[in-house]
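Q: In the order they appear, the protein sequences are chains A and B. Residue 1 is where the first sequence starts when you use full-length UniProt numbering, and the numbers rise one by one after that. Residue 1 is where the second sequence starts when you use full-length UniProt numbering, and the numbers rise one by one after that.
Some hints here could point you the wrong way.
Below, computed lysine-lysine pairings styled on DSSO-like, alpha-carbon distance capped at 27 Å [said to hold, decoys possible]: (1) B:Lys-8 - A:Lys-121; (2) B:Lys-131 - A:Lys-62; (3) A:Lys-204 - B:Lys-8; (4) A:Lys-220 - A:Lys-230; (5) A:Lys-220 - A:Lys-204; (6) A:Lys-204 - A:Lys-121; (7) A:Lys-204 - B:Lys-277; (8) A:Lys-204 - A:Lys-230; (9) B:Lys-8 - A:Lys-220.
In case anyone wonders, no lab produced these hints; they're calculated from the structure.
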Amino acid sequence: MQTEVRRSGTELPVKRRNAITGFKRQWPLYLLMVLPMTFFITFKYIPMLGVVVAFKDYNIFKGIWASEWVGLDVFREIFAMPQFYKALRNTLMLNVISLLTFPIPIILALMLNELRINWYKRLSQTLLYLPHFISWVIVGGMAIQLLATHTGSVNEFIKSLGGQPIPFLENTIMWILTYTGAGVWHYAGWGTILYLAALTGINKELYEAAEVDGASRLRKIWHIALPGIKPTIVVLFIIQIGRMADISFEQPYALQNGYVMDVAQVISTYVYTVGIQSAQFALAAAVGLFQSVVGLVLLLTAELISRKVNNQGIF
Amino acid sequence: MIRNSFEKVIDIVIIVLIGIFSLFCVVPMIHIFALSFSGNRAIMSGEVFLWPVEWNFHSYSAVFGDASMMRSLVITVILVATYTAVALAMTIMAAYALSRRNFKGRNIMFGLIIVTMFFNPGIIPNYLLIKELRLLDSPMSLILPLMINAFLLIIMRTSFTGMPNELEDSAWIDGCGHFRFLLRIVLPLQLPILATIGLYSAVDRWNMFQDALFYISDKDFYPLQLKLYQMVINSQVNDATAQEGFNAATPIPQGIQSASIMFATLPILLVYPWLQKYFISGMLTGAVKG
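Chain B with its partners taken away, still in its complex shape (with noise of 0.2 Å):
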């Protein structure tokens, strides 16, 4: 008995930990969320927590009346959408041969693409051979270097590797080719792992910065991330001088950037309760077999 409350303690002891870790997580967020809803003079004394007081608008209807910000927004989403779509294409056109069994040279081919992963060259043998491509300053350039992630195409072979190898046989002889098996067969069988290999392209394209950042230096082309940077990180030294001048003055940027925040982080927030989902089981398979 004496085992028994023991054990209730540190349940209670873990069920506390964890949740203090788990609100730890996600405070800071909400705590922004709430004060890009605030009003000034609440931001400025320091009453926001995790609710807004003095509700308003006025930082958001900043940030969606500034025209760079919506432009960076509309060339974000084209850019995430085709960029999706190609890796997503390459990756399946690669994952798929690799995957064939006879299929002659694909394990010198699979070996070259492994090499790739081991030696990074660096980032300026890569700003070179954008440059050299004439790729800078293009949207092209934000692209075209990372259509295929060799660690998702090793996930995306091995899932494509587990299917009985019955099914090719008997398509086959059904006089299936490798095309029409792919698209009617591998890849309605494997939307999984396709939808976790497409979100995470997405994700991933929507939160990098640091190739845009490298290659872009036409404010007309900046991508969200990229101009949340400059409007966030990098003013910053400038606001803090100027509020040692002028104390109390207008404290509107800490809303706005409040709401800057919001704004580039809601379309991960709405999409990630099924990234989460697919993306835990797609992982697991390719980094226990991968």
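Chain A extracted, bound-state conformation (with noise of 0.2 Å):
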């Protein structure tokens, strides 16, 4: 990596650097390294092998390695699966609405930022970041709690207000929203971070220098602020494209019921009900590295377009 620190004018004597980069004082390191790297061959290289399975005809019996090949046999059954579609189209559409609200971070944190009491912002900031410490099985349990057709405690409100109740989590697109609420609720707070610290990091002769041009605060967010925290969010948002094929299975799995499958099975949970529940590895291993494959494609393709618009890369 290029943080490498470089020691200038004070470099160490050539015969003793050769004595202290000797292998006698290197054998610790490489023993450290012995359990670390043993982790990332067995669970990520083998693994990385094993993709293999989408080309067999794999047998339980026989493992991985001993099962016949079957070429594509294994994908060409999948692409005339209409779930697969389903789950495919079900993936980049919940994404692409998740999109939509990648601003709200921004917003939250130029709010934030122009806050002139100290405590209240600093508490806000707490409760902001707390929803990201819930896991989505709790997120999922409290969604059931607020917002259920018949028990939840926000048809009840309405009900009691003499309204009609809300299917949240039954009628597809309700559940489209509240999926994509429940994705604000526990992202939002953290995403705001990254913004706020690029914010703190703006020159503060700018801001002085505007104001004595008498420059309004909308004017100092629109042309100082902003243009400050671009790279961030052009760098966020890039990665949000690379993203696009690749859903995280919590989400989705804690929030999906019986009522809105049609939309609600997306690849990860599509994988893990074929893959594991069904025992069809190889079909569910394909679903997947065609899913790895696309996300690594558009996230090469993020990188390369980040380089173009930023003049620096992600990575």
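Can you join these two chains into the complex? Each is in its own frame, and there are hints to help.
A: Below, the structure is given as structure tokens:
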């Protein structure tokens, strides 16, 4: 990495450096790396080889390596399955809709940055980050407690006002909104942190100069704060785009239910249902591999675009 | 002067908006808290908002009286403690070695680790690995595959790299080897980052249920989140149909579910204030330099 610390002017004499860099000094470091590298090889690289299951007629008793090769047959099979397209469509749809909430952390950060009352600022930050530490199981449980049509508190409240209950979790369109809202609840405050950090990094003199020129508050936000955090915005936006094909498992799984499977079954939950629950390993591995490859391509494309737009890559 | 009063208006608008959003973040939690202590009748009639009505501990005594719930709690606590210790030790070893400037081959090893962040082979190859290692239904399947988080490793390595080189040189001249240097000098100086990574690992392990759902089918080994999933979310369809049948019938599930939610969240809420302080500074170092 380029973060290597350069020692200027104080280079050690060559002879001593050789002694220091010799094996005598380095063997403990290799020893320290034995377990970590074993971990990465076993739990990260071997599964990468395991994707060959997608090209095999996997037989539980023969194991991965002894099973027969079947070429692209498994892929032909999944591309002929309507459920696969549905899962793909839902993954993209939920991600695109979630992308619409992308500006929320930016707006929150800009507002927090304008707050002058320090204790209020700190308190609201604490409250805003809190949801990020709550697991998706809990969020899903809370959604049921609050939003269920017959028993949820929100609908009890609506009914007590004489209104009709809203099927937040059972109606497909309402479910998509609930899913998106839960995402905002869980991530928005957390995303704010990065933008706030970028905002604090802006040179104070720019604000002072603008002050002298008589710029209004909104103008300062528009001409100083926003351009100042533009690189951060672009990087995070592109990372989001790169993740289009990818969807976490826990959020959709904790929020989905039998009524809304038509829109709630995404690739990751589909792979779980097909692969682990019905033990069609080859099929599910092929779906997973498809997703990983599309994800990798999107990520690398995003990196290229970021280098063009931002003059700086993400990585 | 006109500008001044306009600025005041903006200030008030911002304060109000931030306040609304902050409340939006905590009100659901407080409401569940209130439900968990309220009486059945009050829950059913929707009277409970932010404060318990008809205070009682029935829901909690049901949760604490549930043997499988307590077993899940014990398993989870053991799991979290073991996992945090193991993850911290492994990350420290790798981060220290990779942060030594003259360590031959560190770029190759670091590269190999970075690559794993980009290509995720997916759920099934991971599942098959666990299966072939005969770790299905073993608590080890919830620890071993997660021992090092590459992102946290980068953060810790960056922090270790930031230590002055002179420190290592003088320690070396004084006859201090790598192990002693790591234990006596690096770790004590790096306590904040260790706390960050440790707390983050602990919270992560506490909250995660995906791997348990995949790998653990023996109900005796269910960690808390999975137990909760089966209890609160998986049973909702049954509850809904039951409620349709006998509308005003037993409302107890709601109280119990609220109490279970609080039960599984309380530890997080307790560590959160410390977590936040360390975590933000730790995360920023990592995010900015990583």
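Q: When the structure is checked against the list of hints, which entries are broken? Sort them ascending.
A: Result: no hint breaks.
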